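Heads up: the sequence lines are chains A and B, in that order.
The opening residue of the first sequence carries number 1 in my numbering; numbering runs sequentially from there.
The opening residue of the second sequence carries number 1 in my numbering; numbering runs sequentially from there.
Since the hints were made in silico from the structure, they are not lab data.
A quick note: this is a predicted structure, and the numbers were derived from the prediction, not measured.
Warning: the hint list may mix true and false statements.
[Unchecked claim] Partial list, computed: chain A residues near chain B (C-beta under 7 Å): (1) K62; (2) S63; (3) V137; (4) K475; (5) K477; (6) I480.
The C-beta atom is built at its ideal place from N, Cα and C for all residues, glycine as well.
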Amino acid sequence: MKKYFYITILLPLFSYFSICAQVVDYSSLSISPELKENANAVIRNQSTEIIIEDINQMVVRKSKTVTVLNKMGNADARLGESYDNDTKITNLSVLIYNALGEEVNKFKEKDFNDVSAVEGGTLYSDSRVKYLDYTPVSYPYTVVFLSEYKTSTTGFIPWWFPVNGYYVSVENSSYVIKNPNQIPWRKKQFNFEGFNIEEQESKNEISYVLQNQQAYVYERNAIHYRDFLPKVIIALDKFQLKGVEGNYSNWKEFGKWMYEKLLLGRNELDQVTVAKVKSLVERETDPIQKAKIVYEYMQSKTRYISVQVGIGGWEPIASNRVDQVGYGDCKGLTNYMKALLDAVGVTSYYTVVYADEKRDIDKEFSSIQGNHVILNIPDSSGKDIWLECTSQTIPFGFLGDFTHDRNVLVITPEGGVIKRTTSYKGEDNIQTSNARITLLPTGDVKAVLKRVSKGLRYDDKFNWESESQEDLIKKYKSEIWSYNNNLEVETLGLHNNKEEVTFTEKLEISIQNYATLNENEFLFRVNVFNKKSFVPKRYRERKLPLKISEGYKDVDQYSFELPNGYVLDILPPEKKLTTKFGSYNVLFTKVDDTHFNFKKTIEIKEGVYPKEDYKAYRSFRRSIAKYENLRIAIKKEK
Amino acid sequence: MKKIIVIVFLLSQVVVKAQDAKFGKVSQEALEEKFYELDSTAEAAYLMKKRWSYFDYMPSEGSFQLYTEYHLRIKIYTKEGFDYATKLITYYTPDSGENESVSSIKGYTFFLEENNVMKEKLSKKSIFKEKVNDNFSQVKITMPKIKEGCILDLKYTVTSPYAFYIDDVQFQLGIPIKYLETKIDIPEFYKYNKKRKGYYILPVVNNSKPSKIGDTDYTTETFTYKGNNIPALKDDEAFVYNVDNYRGGIKFELAQTDFLQFQGGIKNYNTSWSAVAKQIYDVSSFGGELRKSAYYKDEIEALLATRNNDYEKIAAIFQYVKKNIRWNKSYNKYAQNGVKKAFKEKTGNVADINLMLTSMLRFAGLDANPVLVSSRGNGIPLFPTSRGFDYVISSVTFSDGKYLLLDATEFYSMPNLLPTRASNWKGRLVKKGGASKWVSLQSSKSATEDTTMMIKFDEDLIAQGRIRTKFDNLNALRYRRNSNHVKEESLIANYEDKNNIEVEEFSVDNKLNISKPIVRNVKFESEDLVEGIGNKLYIEPLLFFTERENPFKLDERKFPIEFDAKSKEAYNVLIDIPEGYQIEKLPEPLAIGMPNNMGIFKYQVRKMGNKIKTSCVLEFKTPTIAPQYYPYLKEFYNQIVKKESEKIVLSKI
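Please construct the entire structure, taking both the sequences and the accompanying hints into account.
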């Protein structure tokens, strides 16, 4: 019995050692205290081995030993592997060790759940995932996860990203990629400085090792961890993607490949549709006006539905199919819009972008990048127009924060070109509020307010147009002005001006018991409608640079009428704050004994600042937040 | 279920399906409609929602299959309603066992083009089938040519070999229904209990008709529900666990099968709560699991060796299970892994863990029994049905008739302190052999939070203070569950953020000593607690604990307000009057209550020497408040907010 026991335990260990050639102690007791500091999990040893057997054959072998220190660390021990029609998983296994390093559990491929890996927003996709649903029985524990898969898609080679975010430390992480046939390849390294990384490179092999990296702590208002943690991306000049061969070494060639293999011939349209759009623009001569009419036609005809099958994850659905069913994903809808523009003689280009979180397509390194597609209408004077084709409501040429201000890849028939999308900064994002506020002797307030929003402030609000009156009033009461109890919206009018890209709100408002009354005073907060109470969190010792991701400007002008029987005393002096992060100004002016004006201007600039500046920014915002609560007292007439 | 043996030659039964002339045809007027007449906020509405469930005899299988045909006609008013153009149908396809299927999918989208009614057929390419996991598959349908104002017509049939399981009849949904018709045909061999749920009911029309399988005559009973203009019940309010519980509908639960005519037998299912309990008890993954004891015998014997009385034994075993077996987050009244495997692998579902616990307690000589529970999300079990229970806990009854409730899936739970998910109304205690009775699950103890604060100001009016907060019962459990694993650094940061103060010292006692309340001590500093206007100082008596917003803002509530438990929140704040100042004004005291003593608020600000003492108590004596009391609750909070916002006014001497 005992002998048998030895054999079974030795075999997996032996094969494991042969991969990473390093003895790992599975006990969590041996982890150095520095690596435990701020860590929810410790990557004891992670190795990724990639073998490029041919341009259409790649084997990826991964082994990951992680000690999970607490409940939050389970996310760092994800026990799953994705696959699809051209990726086959050839090995999956998991071993669990307790705190003392004794094996307590063992799982094989059959123990894994096999489920569809459809992301939110996608109706159907052929990608699937096998994952193990493991319930940890005590902490800390150590898991050894081995996986191996073979794929014919070499267009996307796994990156090396050894420190995967915050609260995770790394004892040892290695990456080796073997290219025995010496298929031409390129690599790019990011953020190596300050990290303990060893690298080796030969004609047919590249490898990296990172050791003893302490965990980072998340800090708010910081740059993304991707922008300071080490990363390597590698791409082959010749590759296969879902059965389609490719060949490129720069963006121009990449773009050409994409144009020829994925776009060409997919932009045909039914003659009826061509005639239809032609008739829509027959009176227009200006290409921009034509494009605008066609864009609105496309918006009224389509909706966003995502279906990703095979090469469909990369290739748009043909335009005549979108025309027929009236739906498509970003690729399908953009390609359809392009086809419609082609039909009326307006040039436009399919454009690949990273959407949502602001991220550039790497200017120097061509590889499969991006997660979204938009349309570019070039302009010789540099004022290109960009179209988001998945929204039925967004104005022509407006991008919003989803894709603004970043490098994108524009696919022209001649090849790929990197361009930058329209940006909305600082004063572009302005909100102006004008209000006439009447204070009543009961302490109640009546007000008439007009608020106009532009740029990203427009982006935040233009969808309100389609919300019901009931939901909007709820939003004003419970979200926007939640700091005003007893607020009632008496009338509400919204105007979405798509031509000017401005959003106007007109409201009549009443607030009961707004002021505090006592025998001879009437006390109230002057900043009725735009309280900026954000104060950045305090850090005893800030470690990461400060990032203000969105700049804006707010101008609030209120004219107050005092209640009957009260007179104006002294008004507060002007308040002025100017910093490199922006400025703040509050000015009171007396009109007469019963009227005064309040004007507040706040401007915040976007930007990245060194960590030393954080304190100053916090104190700036603190001063603002405090002044935003300013109350004044008016006296009863004697 | 017993298969039915029919010896006679069978003509396959012809089901005469009423030709639905309306499918594939809609009127121009309906397409022109811009909003739903009775509820202009609706993003979409069912113009028609028809369902017909019927049984059909399958000679090849020797058993009945259940067919359910749906015809849905949806009008889409706004872009927000586009989601209704995608339909997901989930059906049961276990890896081992018979599979359900979805068939006869047909659909059209209707829209107006230059004032003509246009119609687009749903193509096969827009229908996707997907195996979601080992047990379920999904058909995903997305309709073509969707735009505002369009109408879609969709038909499909779900076929199930699990004839006894009839899906709930839904009367009410998140969007309005203009016309609803549901017909359920049930052959006399099957008897069901029907119980309504929610706040919207439709009358039932009951008919019967003769039917025939081969030579066997039988009666088919038809239950028809028809309704017009059914309002939507939206899911957008706080303090509710599962709004579906309040949407109108009918549940069907199998009570009896009688196949005597086919040489089969009579089998009774749930006709009463005791029958339900007995039936569940008789399932091997419930009662069977309770009887196993060999797997833990050695461990528990060793554990009990040094325990002298019942309480020590209970505490030891409860702690042992909580500590050693981890819950895999799965709810069920039946064991998933089986207690033996759960014990060995140290993990299991609710039943694995609490049935194991019960068995161990019995082994220790205690009168321990499982208690069937309907978890919060599952709603209140309205009528005898096994589906009414989805959870099980354990109990120990003493000789004086008093009992303890235990749930070992929650590490921080205590005897008689259940996690919120399990403390729903009442549960069914099941004794050996299957006899059962109701026991209340509601904790007699309030969730409490008791705060004392002392504060003084220096010459620059910077405040220095100490806060001691005691959390007990459910509040202690929640604190431990939410914060015990969080680093102190983050807890401090959150506390600073929430209260806008700077924390200097922070400690939490009894984090793991669960028999005692959590005690949190904080020392802090803040510049923002006093407002100076002219020669006066204004201070909120409760400082940053002031309730500044009424959580209830809407004018009306259609379903109950569900708190987690009874609660009591108390504050005692002592403020040193800053040097050189005197009291000009203090808020008046206030004591108010809700009807029937459901809620109480007491508030008092007094001068005590050179200090100002504020005491405030907010108490709710019931865990749920019925919707008719909503206006009172809203007004109750209005008064609280108003009172707490009144400031202490100090003036310079």
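Ascending list of hint numbers which this structure does not respect | Checked against the structure, the hints that fail are numbers 1, 2, 4 and 6, while the rest are satisfied.
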